[in-house]
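Protein sequence lines, in the order shown, are assigned to chains A and B.
Quick note: to get this note's numbering, add 21 to the position in the first sequence (first position is 1).
Quick note: to get this note's numbering, add 1040 to the position in the second sequence (first position is 1).
No lab work stands behind these hints, which were simulated from the structure alone.
Certain hints may be false.
[What the hints assert, rightly or not] Derived contacts from chain A toward chain B, CB cut-off under 10 Å, selection only: (1) R336; (2) Y339; (3) N357.
Note that CB positions come from ideal geometry on N, CA and C, so glycine has one too.
The lines below spell out each chain.
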Amino acid sequence: MENVKLKIIKKKDVLNFLDSLKKEYNILVPMEKNGDIRFSKFNSGQDIPWDYRNTKISPKEIFFPQAETLFYFEAGASAPSNRSRVSIPINESKDSTSETNNEQRTTNYLIFGIRPCDAQAFSLLDKLFGGDDFQEPYYLKKRKQATIVSLACNKPQITCFCTSLKGKPDNEEGSDVILFDLEENILVKPITKRGEEFIENLNIWFKEAKKSDVEKKNKLMDLSLKKIRSGVNLKNIKEKLDEAFDISFWNEIHQKCLGCGICTYLCPTCHCFDITDEIDSGAGASPTPEGKRVRCWDSCMFPLFTLHASGHNPRPTYKERMRQRIMHKFNYCPENFKEIFCVGCGRCIRNCPVNIDLREMLISIDLS
Amino acid sequence: MNNPYLPMSVTIKKIIIENEARDIKTFDLGFNDKKDANKFKYTCGQFAEISILGVGEAPIGIASSPMDEDLVQFTVKKYPTGVVTSVLHNLCPGDIIGIRGPYGNGFPMKDFEGNNLLIIGGGFALTTLRSLTKYILHKKNRARFKDITVLYGARGPGELIYKSDLKQWDQREDINIHLTVDKGDENWKDLVGLVPNVLKELAPSSKDCISLVCGPFIMVKYTIPPLLDIGFSPERIFTSLEMRMKCGIGKCGRCNIGSKYVCKDGPVFTYKELQGLPNEY
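One chain only, chain A, in its complex shape (with noise of 0.2 Å):
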């Protein structure tokens, strides 16, 4: 593992580094807004908050907005018995980023200083947007043309606990390049082949790591990985929820949520989703008002989410939704893709109104 060629960048230098990349990529770096840090459009002359947590809002977005366009279409009037109001779409995504902007628009993305958690998200996301049978081409697309770059975390907080998934502060599942926080360097280690030709294509921008700059990352990350503390064993929670669905701990597990959503909005693996069209009225300058159908998230902790025109609803109560939420990460898609759906970056704790903790959940139904 270790015989990959490990790079050093003055942490000094690396604002010139991206600010070279603009033209070829659309760079998203965590940068702090309104008290809370987000990947957004990477700004020359604004710094790399090295020392960042964790974004509220998980890096899913970049790639599954909360609410992207579908297609537009000519909308006609806006009366329901208006038969012009009924026509064939227009056409697909004029514009799919959040962002419009004059610059010359480029399609590869480089995802830069992104969480290792958050990397590893990406991972189960294109296996579910991916898929045998369906691909989701609106994700997919932006997806495939991204660069990920992330960056180990030195700090853990409190409500980390991806080590008792796949993850580490240093894991590299999900990422291209990874990058260590070493306070005067950043030390830069590819992972895939993708990363492998990035970090040679800018070559002048590197000098090769020393012996001492590894030795530090290693204690980085020893230090790291021991400060992580709280933990589930989810060695067999597949298993255990097989036979979970009808146990008396979903009747009590709910009874002080909200119903916010919150947890499964800002989950970086949660991707369900709603389709609603929109119409500007025209009221304004446009002649004939444009339609749009957009995507936007939908959680499966809202009573909606399942109700039936006719009344019927599957899921009626708190109590079916919770269940639902658990189950499907930890037990429905562990059986279609091998792969737990969560990555233990600890948002859904950190957010929650009422502290309802996914752990202490988890370790009950470990017991119950």
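The hints should help you fit chain B onto chain A, whose structure is shown.
Here is chain B on its own, set in the frame of chain A:
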């Protein structure tokens, strides 16, 4: 990459009002592009997303037979809270809408060959079973199937759909039709009673027979025990599930029951398969 979300353009050719309450209509649709028509190859029991731009999409079972040429039919019940079905019911012949699909597994027609079939439908859920019946009765297919028995029930005589088909089938010698209503009227000469009860009385033989049950959930629930009593094994009882759906391609997550997605692993399941799923439909 092929974009599965783009609907194909179709024109409403004809609309038939199926019932007295006038809330069930059959829409005959024709493709506006020959290429789409060739692409849209379906089997009995599959469904498609009916797509009205500016309104939304709704998954509806295909009511026509794969043997029908240049025609796709959907029978749609309008619900007051159903956004798409309400708009659809207000459209006229000549209007253009979209469909995308076909989706789902459909009935395993090849496996049914050489068997007797007991087809049990309730209310407007006869749609995909009508597709299947028409397919079997087609002269190119009929010889591959043995005896066909249809038991079809509705609340009242006015609520039976596909009346012209039922009449035609009744006049044929190679199919047995039993019609029943919860409550008859002065002209009603067929059976009276709920489908599960009528089934118990008819007690058709389960020998070399496959049963298919589609109807309101409550009907299906009470029809399965008498079928088991008659001697049908769980893997020879087929039904079709309904769930709320959006994408139709197993991504959006809402039709998920256990590890299955009704849109791509279903909607057709055997009772045996249902026994292996969480009771959440």
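Which numbered hints fail:
2
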